[in-house]
Structure formats: C-alpha cells, structure tokens
Amino acid sequence: MLKTRLIPVLLLKDGRMIKTVRYKNYRDVGDPVTCARVYDAQGADELIFLDISASVENRNVLYDVVTMTAQECFMPLTVGGGLRSVADMRKMLQMGADKVSINTAAVEHPALIREASDVFGNSTIIVSIDAKLNREGKFEVYTHRATRKTGLDPVAWSKKAESLGAGEILISFVDKEGTMQGYDLELLRKISDVVKIPVIANGGVGTLQHLVDGVTQGHASAVAAASIFHFTDQSPIKAHAFMERAGLEVRTI
Amino acid sequence: MIVVVDYGMGNLHSVAKALERVTDDEIVVSSDTKKLDRATRIVLPGVGAFGQGISNLKSLGLITALEKNVLEKKKPFLGICLGMQLLAETSTEKGLHKGLGWVKGEVTLFETNLKVPHVGWNDIEPCKGMLSGCYLGDRTFYFVHSYHFVTSDNVAATCGYGAGFVAAIEKGNIFATQFHPEKSQKNGQRLLKQWVEWQC
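Protein sequence lines correspond, in order, to chains Z and P. Heads up: the first sequence begins at 1 in the working numbering, then just goes up one per residue. Heads up: the second sequence begins at 1 in the working numbering, then just goes up one per residue.
Hints are computed from structural coordinates only; laboratory data are not their basis. None of the values given here were measured: they were computed from a predicted structure. Any given hint could be a false lead.
[To be verified] These stretches of chain P come out as covered by chain Z in the derived footprint (C-beta under 8 Å, 3 or more residues):
id, stretch
1, 31-40
2, 144-150
3, 162-170
4, 178-185
Virtual Cβ for every residue (Gly too), placed ideally from N, Cα, C.
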C-alpha cells in the first residue's frame, strides 16, 4: 500500500535555515545540510527546501546546500523559491534536486507549468500555493512570499495548475504557518478532493495529531511540517509511530 | 567501469552518487558509445516523458550501441523508472510511441480512482530472480510515475496501487525497476549493491 508521506520543510535564507510566523519575522534555526542528515537518519520520506533569499549571489549558496544534501541523503529532494524559468529549474535539477516547486512564477506565467512539465515530466513539477484570508474573509492566492494579492481562489487555481501539467500541489496556509495550531483542514480538504494529483499540506503543524488530521480530515497525500521539528522534541520517528498508531499507512524504521 | 547513460532525461548524478556508495568500480556518466563498448555494466536511468526519452536515445545514436552491448554482449543492465518503461514495445504517453521492444508489453496510464501520479513509498513483492534472493529490509521503495509497464512475462516484482502493477522486470541480463533505488535510502542501497555484484 502507498504510504502517507511525512515531509520536513526547510526554509532557507542565504544558506541558513530560518523560521517565520505567518511568513514574517525570521529566526535562524541552524545549518540546513546538518539538519537534512538528521532527517534522513530519522526516516523522513522526502525533504522540501524553500529558499527565500533575495539576491542572485545567494542563489549560489543555495546550489551548494542542494548539492551537498543530494550527495548524502538518498531520498527525494524538492527545491523551490525564486525559480522563474525552465533554465532555473534545469540548473536546480542538475545541482541535485529531484523535483522543483514553482509559486509566484506559475501565477504570473501559467504557461510555464506546461512548458516545464513537457520538458521534465509532470511528476517533477510541484506547484506551490500560498493561501491567505483576504479582507473579505475569503481564501485567496498570494504571491511574493504572501505579500501580493492575486484575486485567485486557491481551489480553482489548484485545478488549473493540474490541467497545465503540475504533478503535485503544495498548499501552504499562510495564516497558520509557524503558529503550531494545525492546518486549515477545510481548505485542505476542498483542494485534495478537487484534484486527482497528490496534495501536500504545509503550514501550522504543532502536534502529531495535526499530521493525522491532515490526512484523515484534510485528505492530504503528504503532510509537511517545520516548526514542530525545530521547536519541540518531536521527530520524524515519533511522527511516523504516532501516525501508524492512528491507523495510517506509513514507513517505520 | 559502470556507465550511467546520459540521454538528457533526469537527475543522473544521484544515480551515480548512489552507485559510488556501493562499489569501488569506476562510475561514468556518459552518452559516448565508445564508453558503452568498454563498460562492464550499464545503467539507463530516466525521469520524464516516454516520447522525449526514446527520441533522445535515437538522436544521440545510442540505440545501436545499447543493443550491441546489452542484447548481444549481454552486459548486466539496470533500467530505472523511464529506463524500465523504454524497454517496452509501445507506450501511450502523449501519443503512441514505439519503445526499444526488449521486453514484451506496453506502457499505459494508471486507471484508478486513486491519486495519479503514484508518488511515494510503497511495498514491493519480489516474485523471482535477483530480488527474491536479496534482503531488502521492509521492501518499501520510492515511486513517482503516472504510467506503468503492463506485461506478464519477466515480472520480477509487483506492487499494489488500486490493482497490482509491475514494479520490476528481469529477463536474462536485463534488470529494471519502476521505482528509484537511488532515492530509496537503505533499501535502495541494498538493491544497488546486489545489482553491482549480480552474476547473470
């Protein structure tokens, strides 16, 4: 049986791991390669690196991090953040990424999803969506690290991304990120139920139960988390054990 | 010398790095047919669309060299993911395409209510050959594909996703996996070690 995936997310800035709350206020939380080694040893199913470095120089630092991680961790690695073209994606894949994630660039040029999936295969392309409540109290897709409105509905945009060739959707709940209060289960379920491609939930996990809820109530194929692993003594080992006891099919080491 | 064939489809270096972990033999990533002639073992990896894959093999002049070294000289061969699917007679991915035809069967889209692509860790059930004699831990491996190889001959392992499907093939010196051993942590390393020592 296909196992539910548990995916630690490493938010990177200038080669360091950072954490934010609701996408604001950075705190340094360590070295990403060291952290990746630990997650690998603890049986994480995949890793996601999301880079939010502002400048082009720091893109090279990211390449080093990706290459070093790929040399030591023989599990799938997804890299996203600032990828704007097929050339950017090709470079990241050559550096060691197995999948690439696009967010702002996909919203600005939806044809990029089709172009990239034709070149690299659908399963290599993840479309990442940042969803935030707007002033009218409705969920809206935001870009540029949740600073710009798009007017798009996350559920409709997920469906469109799928039709353009996305292999998976990574849905991040901006208002929940770093709060450790759980995913937005209602939005998660709507997206998971409307697309045929796998959905990865991200943003808000504070307890192991949140991971289980993401699957049983949110219908996610994979559950991603960061804060719970940085700031509590939970680990992928404990998370897998908890998920298994809750009746989910997961890998255990 | 083990040659990992570079035909422009996917992340070859992770395959090379994973092989380096399990053997002292020289690992070379190349599209040079002369290197294929000198290789002792050959790996055909691949991620991406079938049509693009077969077209790249053709335009790089690799098909004749592969047939000479694998079918005639019978060098041990490992195909991974697209590298396994290309062995088929045909595929219906984005149009009807002819494959290498080394193994009977066709590649088609998963027909299931479950999510497609099939992404993540799943258990395989070895049925014969190299895999049957090999310790593979809990036998879970990483899969990421929307299409699968339908065949009843030469099935070395199956996997369940909705219905059962072919997870690995073995035909003489030809061995291939739908899953990615280079992405499957310890189990993958065990399998790769088994393959580099495989006496077929």
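Quiz item: Would you say the stretch 162-170 of chain P counts as covered by chain Z, given the rule of at least 3 residues with C-beta under 8 Å?
Solution: violated (count 0)
Quiz item: Okay, the stretch 31-40 of chain P and chain Z, do three or more residues pass the C-beta test at under 8 Å?
Solution: violated (count 0)
Quiz item: Do three or more residues from the stretch 144-150 of chain P put their C-beta atoms closer than 8 Å to C-beta atoms of chain Z?
Solution: This one holds; 3 residues, not fewer than the three required, reach chain Z with a Cβ under 8 Å.
Quiz prompt | Within 8 Å of chain Z's CB atoms, at least three CB atoms from the stretch 178-185 of chain P: coverage verdict | solution = That given contact holds, which follows from 5 residues of the stretch 178-185 of chain P lying within Cβ reach (below 8 Å) of chain Z.
The structure is inconsistent with the numbered hints 1, 3, although it conforms to all the rest.
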